[in-house]
Amino acid sequence: MGAVSILLKDSREHGFALFSLAFGLIVVVLLSLAQQRAGEFSMSSFEVVRFALITVVPLIAFIVGNRLIVREYTGGTRLFVEGLPINAITPLVVKYLMGWLHLLLLGAILIALAAALAGPAEFIDSRYIVLLLVKTSAVITLYWSIVFFASLAGKLRLLIYLIIGLALITLINHPSLDQSRLGPIALMDHQLFVFEQVIFPWREIVATLAIAAAFVIAGFALALINEGSALEQLGKPLSKRNFAAIALLGMAVMGVYVELQEKWNVNAYEFSGDQVVRNEIPQIEVSYLDEQYRSQAELVNSNLVRILSQFQADTGLAALPKIQVAHNEELEATDLYPEYTSGVLVTANLADYNYYEHSMLNTVGLHHMLLVLTNSRWDFETRHWLLDGLARWWAEGAANADASPNNPEHFAKAIIAKRRFTPGIQPLLWWQTTTDQYGFEAAGALAYTALLYLAEREGPEVLIKLAMDYINEKPGSSSIETIKRSFTDDIKRFEKVTDLQYTQFVEDWLVWLSHYENDPAVSALLETVPKLEGDVRAVVDSRGVYWLEASYSALPDYAEVAGTCVLRHQPTSAFDVETEPYSRERDRQACRPGEAVHRVESRYSAGDRTYVVLEFESDQFTRPILLWAGRVHVK
Amino acid sequence: MNNYTSAAYTAYPSVDSVIAFKNVGKRYGSLQVLSSLSLQVNRGEVYGFLGRNGAGKSTAIKMMMGITGVSSGSIELFGQPVKNNVVKSRQRIGYVAQEQHFYNWMSPKQLGKFVRGLYPRWNQSRYEQLTDLFELPFKRKIGHFSGGMKAKLALCMAVATSPECLILDEPTAGMDPVARREFLDLVSREARRTDATVFFSTHLIDDIEAIADRIGIIESGKTVYEGGLGALSNHIATYSIDETLFQEGVVPGDFVRHEAWLLQQGSRNGRFYQVFEFAKGAPVSPALDYGWQEDTMTLEDVFVAVVAKAP
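Here the protein sequences line up with chains E and D, keeping their order. Number 635 marks the last residue of the first sequence (my numbering); no jumps. Number 946 marks the last residue of the second sequence (my numbering); no jumps.
Check before you lean on any hint, since a few could be wrong.
[What the hints assert, rightly or not] So the derived label-pair ranges between C-beta atoms look like this:
1. D:R761 with E:A115: 53 to 63 Å
2. D:P772 with E:A3: 28 to 38 Å
3. E:G15 with D:S868: 33 to 43 Å
4. E:L7 with D:Q764: 26 to 36 Å
5. E:R241 with D:S706: 22 to 32 Å
6. D:W896 with E:A3: 49 to 59 Å
For the record, the hints were derived by calculation from the structure and aren't laboratory data. All of these numbers come straight from a predicted model, not from anything done at the bench. Quick reminder that beta carbons are idealized off the backbone N, C-alpha and C, glycines included.
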């Protein structure tokens, strides 16, 4: 009876607030779902659930904890309740369950909304929904348990949130810890949360619930220490001495944390061996592992010294982050694996590098150095083309980039992509769509040629000004200002710096780009690409085995050319962002229009989705040309 | 404990005992709040629980209510150990705490709704009648009430539970005289009407004089007196002499046969005074030496003297 009375009282006291929070969350989620459905680029509706779970739901848990628990304990009404004929533990249990169930309900509503508004491409079955529900419930249980404990800590709760926040950042950033193995973080993994449809991550769920249980036990223990007198003390307002102590402690913790961060960053990547080519200013290290690759490593080093020195001279930056290159002979020649913290590490196979691949390596190194310099602020989609294009521009010689021997290939790739443009596409601003449909190479080539055009029209200084506009962008003086800046319209920034009207600039650039179809070097390359259109489908044979089948149809003016048609594929879900096949399996066939050229016995079963690309390999191009890319739903 | 304590005390536990403390001690870490508290309250009594601020009265009441546990000794309510029957005991008790921590958003009406499910003998009409008697707006938020109004509301709630025992923890502290009188009148009336036991904790002597049948005085965590008010007054007397006539080591008269001992002495308003406790009662017309006179004592004087001599 006591529990019922407390429940009714709490419902009456907080019901409207809880309902309002739920309503607000639903509105936010519906708007997000509507926005993502209206968007050009396909994203899973469950990505919105994950986003809400990371951002809005913790905030709601905090508000609910503040109302249900903090108010009761700091406001003194607990003293009234403790004189009533109710077990001492009952109000706490009711509050825990009430907040928990409320948040679980919100989680369930989020998933239901996402499922109801999911696009037709999303494959949703009961197992997937249960999996999402279980993961969501585990994460929500953890949130609420932390809030429960911190709320009971009364005046120390903000300090506890601060410590938990710092601990979380530490866990995520610590170089020797694999965050993907940490239960709650693994559950919220940006890939696995949405895309995993089959495997239950039991270990991560148990780990998350165990941490949650620890917080709940700590909360109840705190409530029962000295028959609640600890709670009574914590429920009192902070004295000046408390404030001073907490401020000191907070500063000490922050100080230690900053020290550790610097230490971790400095030691993030360390080449300890002797087979390393080093340069002091700018800081460069190239690890080559075997003497036979020393000359390649020295070439990489000298290229980077030249490019970075030019970059430094152009931008006037006093110091640059360290760039390290690690040779790994197990990779393919076109593989580039960049990582960055306070410096950049690119892993690649330098063995057979030609001029083009050297240029690609330099581009990737510079691209990630710009991300380090801007603390990743340059990574937003609508400004990504500038990041891509400027990195390539400097890698190709900056003011002398127009004379780069790689330019015909870049122009040819940009023109091939342009010929396949879907109506209405914004090839520069919609970076994800461009990479998804035409490949990373084409997206980079489009951005690069656009900037070459800008340099030719307005002079290379404008490109440097554009770069400096993003490099010098300081974080806002407050969180709100920083967030506002993140949403600053990149078109306006472009127009402000260049004094050009963006839409007109794009039109002019595309016309300018078309002229290169007549450039002898570009034209020669374009003629080596077969005018083919690809088509891929999943078929099933009489044994029930699924096959991927691809054919080509000839476009007007088709002519047979020397080269090989290649099919590559990789399993994916319906909701991947931009991607490229990482699989090394290739089905190489002669290009024959009008028949099933590729027939690949697949590992897929009904319901699976696969990302498939059709490429054309020839001696004329350094890297394959993308003829077709898309997702195939195996049915 | 004084040797003139009432018979009821020494005879405990009696079958009519509602509240019984047996050598109760309470310690918070190194702080000993109560060391040896013993008292008994019988059915139908109005028991005044007196003590200075910080003497341990509220701790004793919290232990009685089962809010806080005992460190040593035991407490029985209605003949049962408290710790085994917290919820059931509280259902038979009307409790008014020292400070009222009601939910400010509630009105008296909502408060009644909230608590009535917790008390099997909740009397809604009595609750409404009492709030009306005290002129407490039944639908106004409690957050708008004054401290006195909240205390009255607490009493209304306590009485509406139809309690067998009312436990009041310094409820009149901070009340204006009119409100205090109304409050005490209601307590007294309810005690007579329902024959409920009343345990009234206070440091205000006037409150006790107004309603108590028997009192217990607590000092430094121990019981220093338990018995009737009259018995206490009859065993203590104050004598004073002009300061210029006072001689060190001299007492007002020959009290040897009265088994008296000095509780307190000092100067006040140009007179030197001595307070004596008499084992067999203060002499009615004692033969006093030159210059000494017997002073009239209020109950407050008696209380101060008793508390002052406590170890």
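Now the hints, each set against the structure:
Remark: the range hint 53 to 63 Å for R761 (chain D) to A115 (chain E) is upheld by a beta-carbon distance near 55 Å. For P772 (chain D) paired with A3 (chain E), a C-beta distance near 30 Å keeps the hint of 28 to 38 Å intact. Between G15 (chain E) and S868 (chain D) the Cβ separation comes to about 57 Å, which falls outside the hinted range of 33 to 43 Å. Under the hint 26 to 36 Å, the C-beta atoms of L7 (chain E) and Q764 (chain D), about 29 Å apart, fit the expected range.
In this structure the hint that R241 (chain E) and S706 (chain D) lie 22 to 32 Å apart at CB holds, the actual value being about 29 Å. Separation of W896 (chain D) from A3 (chain E) is about 57 Å and conforms to the stated range, judged on CB atoms against 49 to 59 Å.
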